[in-house]
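Chemist: Sequence:
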Amino acid sequence: MHLVMFDIDGTLTLSNDLDDTAFLNALDEVFNIREVSTDWATYPHVTDAGIFNEVCMTHLQRIASPSEEAAFRDCFLKQLTSRADQIKEVPGASVMLAKLGETEGYAIAYAGGAWNNSALLKLQSAHLPYQDIPHAFSDDALDRASIAQIARSRAEKTYGCQFDTVTYIGDGVWDVWTAQKLGFEFIGITCCSNESALLAQGAVSLLSDYTDLLAFMEYLRSPA
110 MHLVMFDIDG
120 TLTLSNDLDD
130 TAFLNALDEV
140 FNIREVSTDW
150 ATYPHVTDAG
160 IFNEVCMTHL
170 QRIASPSEEA
180 AFRDCFLKQL
190 TSRADQIKEV
200 PGASVMLAKL
210 GETEGYAIAY
220 AGGAWNNSAL
230 LKLQSAHLPY
240 QDIPHAFSDD
250 ALDRASIAQI
260 ARSRAEKTYG
270 CQFDTVTYIG
280 DGVWDVWTAQ
290 KLGFEFIGIT
300 CCSNESALLA
310 QGAVSLLSDY
320 TDLLAFMEYL
330 RSPA
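Residue numbering for the sequence shown follows our numbering, starting at 110 and increasing by one per position.
Treat the hints as calculated values from the structure; they're not laboratory data.
Here the structure is a predicted model, which means the values were calculated and not measured.
Think of the CB as a built atom: it goes at the ideal place given N, C-alpha and C, for glycine as much as any other residue.
Check each hint, because a few of them may be wrong.
Stated by the list, open to error - When the alpha-carbon atoms are kept at most 27 angstroms apart in a straight line, the in silico DSS-like pairs for lysine-lysine are as follows: (1) Lys266 - Lys208; (2) Lys187 - Lys208; (3) Lys197 - Lys208; (4) Lys197 - Lys187.
To be verified - Pair ranges (Cβ atoms, derived): (5) Gln195 - Tyr152: 36 to 42 angstroms; (6) Val204 - Arg143: 16 to 22 angstroms; (7) Thr274 - Ser191: 20 to 26 angstroms; (8) Ser203 - Ser331: 48 to 54 angstroms.
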């Protein structure tokens, strides 16, 4: 059995820029923090929780209190919700997921760096399936490797089997690092103009989106 595990932002949904803007606006509104590096690859953990903690340590010299974190997350989600109509699927994603779901020998899971409520909002807004699909997000762990491991464990329970192969689909260099760390196969999605960065980290199987469904399925069948 082959588990196909998807990141969300930039992989299934066209939401990277919207997500960044909402995150930065919430930092400004809740903490009055404005000078924040958006070179996410330089953060120790490229997840909502990891970036939030790092920003607080840098600018506040402390971890946010539970009430502060709750206020930030509420503001962040409201920012996203107000622009949810702008969230679209990566071209071909819905057709690809439907095809994968009906193809024998494959199973689907989601594992991304967003917090759970924002990840599900993006999937719902892009009209992509999310109910009954095992998933793990930034609520579950601080680092992406742990998130992916949790998603795999939940998928094993959901589908009642062990997986011979896991392929991680992502758009960021941190997704390549996660796949390499865990020994997963990797397919990169380059619709956000990130092809050179993925290639530099050793990614080989790259697609701009899912409109070439045959090419995507071939990458799954014959990993590089």
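Chemist: Give a verdict on every hint.
Modeler: So, going through the hints one by one against the coordinates:
1. Lys266 - Lys208: Given pair Lys266, Lys208 holds - Cα atoms ~22 angstroms apart, limit 27 angstroms.
2. Lys187 - Lys208: With Cα atoms ~33 angstroms apart, Lys187 and Lys208 exceed 27 angstroms; violated.
3. Lys197 - Lys208: The hint holds at about 19 angstroms.
4. Lys197 - Lys187: Status holds; Cα separation ~18 angstroms.
5. Gln195 - Tyr152: 36 to 42 angstroms: At 25 angstroms between Cβs, range violated.
6. Val204 - Arg143: 16 to 22 angstroms: violated (41 angstroms)
7. Thr274 - Ser191: 20 to 26 angstroms: violated (40 angstroms)
8. Ser203 - Ser331: 48 to 54 angstroms: Since the Cβ atoms of Ser203 and Ser331 sit about 24 angstroms apart, the hinted range of 48 to 54 angstroms is violated.
Violated hints for the displayed structure, listed by number in ascending order: 2, 5, 6, 7 and 8.
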